[in-house]
Amino acid sequence: MFFDCHTHHYSVGDHVSVINYDPGDPIFRTVRLPICSCGIHPWYIHAYKIDNDLAQIESLCLHQKIVAIGECGLDKNTDDLELQKCVFERQIRLSERYELPLIIHSVKTHHIISEIRKRSKSKQPWIVHGYKGSIEMAQQFVKQNIFISFGENLLSHGHKFEMLLQQVNMDFVLFESDDSHISIVDVYEQAARLLCLDVRWLEKKIEMNFNTVFGCNELVRKNRTAFGSGEN
Numbered sequence: 001m002f003f004d005c006h007t008h009h010y011s012v013g014d015h016v017s018v019i020n021y022d023p024g025d026p027i028f029r030t031v032r033l034p035i036c037s038c039g040i041h042p043w044y045i046h047a048y049k050i051d052n053d054l055a056q057i058e059s060l061c062l063h064q065k066i067v068a069i070g071e072c073g074l075d076k077n078t079d080d081l082e083l084q085k086c087v088f089e090r091q092i093r094l095s096e097r098y099e100l101p102l103i104i105h106s107v108k109t110h111h112i113i114s115e116i117r118k119r120s121k122s123k124q125p126w127i128v129h130g131y132k133g134s135i136e137m138a139q140q141f142v143k144q145n146i147f148i149s150f151g152e153n154l155l156s157h158g159h160k161f162e163m164l165l166q167q168v169n170m171d172f173v174l175f176e177s178d179d180s181h182i183s184i185v186d187v188y189e190q191a192a193r194l195l196c197l198d199v200r201w202l203e204k205k206i207e208m209n210f211n212t213v214f215g216c217n218e219l220v221r222k223n224r225t226a227f228g229s230g231e232n
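Residue numbering for the sequence shown follows UniProt numbering, beginning at 1 and increasing consecutively.
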């Protein structure tokens, strides 16, 4: 079984996906929800609606409709980094209060994310999605119980990420399809090629990591039951 820790697409297949939605999305008014995350993306922070968006996210947490908060985070290519930090830290507090992992968008801000992790003394797992940073930064994240997620960049820039994949602690690796139209299966198969591993072994390893982050959540357990455990 394949596990996609962050996607913007609903799909049906032999895999478990955490689908990202924005606050206020009508999906949350449906009775039968897929596995969802919800957060305020740094591209879409609007001062006039921050409090309302955060209240909606907290309501989703209270009613156990999401399995993670995010994506949220910081992006130096977007205006007002200080406002981004404020909104990000408020979502960190929700993550801690409701014991939910955090899915993080980080562009040119990995060192700031690391500093905030240390300062906030957060205990919940964090996932830096679509990781494109250095080996050294990845190793620092791992020391802080921050997971690293890889996706389409493994296929488009495989040579660049081969050494990173080989050197990062595999206990902290996850895979994603994000907003691309690649299959999560393609990501697994490319990672297996870069690591010279059997894809079945990699499936089981990523399943263990996924369980570490999401496995105790009731919504995830119900979804996994629908597909089977993924074990032979």
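None of these hints come from the bench; they were simulated from the model. There could be a bad hint or two in this list.
Straight-line alpha carbon distances no greater than 27 angstroms define the calculated DSS-like cross-link-like pairs of lysine-lysine that follow [what the hints assert, rightly or not]:
#, residue 1, residue 2
1, K108, K160
2, K65, K108
3, K85, K123
4, K143, K205
5, K49, K108
6, K65, K132
7, K65, K49
8, K65, K85
9, K143, K76
10, K160, K121
11, K65, K76
12, K65, K143
13, K143, K204
14, K132, K118
15, K118, K108
Hints, verified against the model:
A hinted pair counts as satisfied when its Cα atoms are at most 27 angstroms apart, and K108 with K160 qualifies at roughly 18 angstroms. Under the criterion of a C-alpha separation no larger than 27 angstroms, the hint pairing K65 with K108 is inconsistent with the structure, at around 31 angstroms. The straight-line distance between the Cα atoms of K85 and K123 is roughly 19 angstroms, inside the 27 angstroms bound, and the hint therefore holds. For a cut-off of 27 angstroms, the pair hint linking K143 to K205 stands: about 19 angstroms separates their Cα positions.
The hinted pair formed by K49 and K108 meets the criterion: a straight-line CA distance of about 26 angstroms does not exceed 27 angstroms. With a C-alpha separation of about 30 angstroms, the suggested pair K65 and K132 falls outside the 27 angstroms cut-off, and the hint is violated. Proposed proximity of K65 and K49 is supported: the alpha carbons are some 21 angstroms apart, at most 27 angstroms. Between K65 and K85 the alpha-carbon distance is near 25 angstroms, which keeps this suggested pair within the 27 angstroms criterion.
Between K143 and K76 the CA atoms are separated by roughly 24 angstroms; this keeps the pair inside 27 angstroms, and the hint holds. Only pairs whose Cα atoms come within 27 angstroms are accepted, and K160 paired with K121 is rejected, the gap being roughly 32 angstroms. Distance check on the hinted pair: K65 and K76 sit about 31 angstroms apart at the alpha-carbon level, beyond 27 angstroms; violated. For the suggested pair K65 and K143, the alpha carbons sit about 30 angstroms apart, so the restraint of at most 27 angstroms is broken.
With a CA separation close to 23 angstroms, the supplied pair K143 and K204 stays within the 27 angstroms bound. Restraint check for K132 and K118: the C-alpha separation of about 21 angstroms stays at or below 27 angstroms, so the hint holds. Proposed proximity of K118 and K108 is supported: the alpha carbons are some 18 angstroms apart, at most 27 angstroms.
The structure fails hints 2, 6, 10, 11, 12 (numbered hints given earlier, in ascending order).
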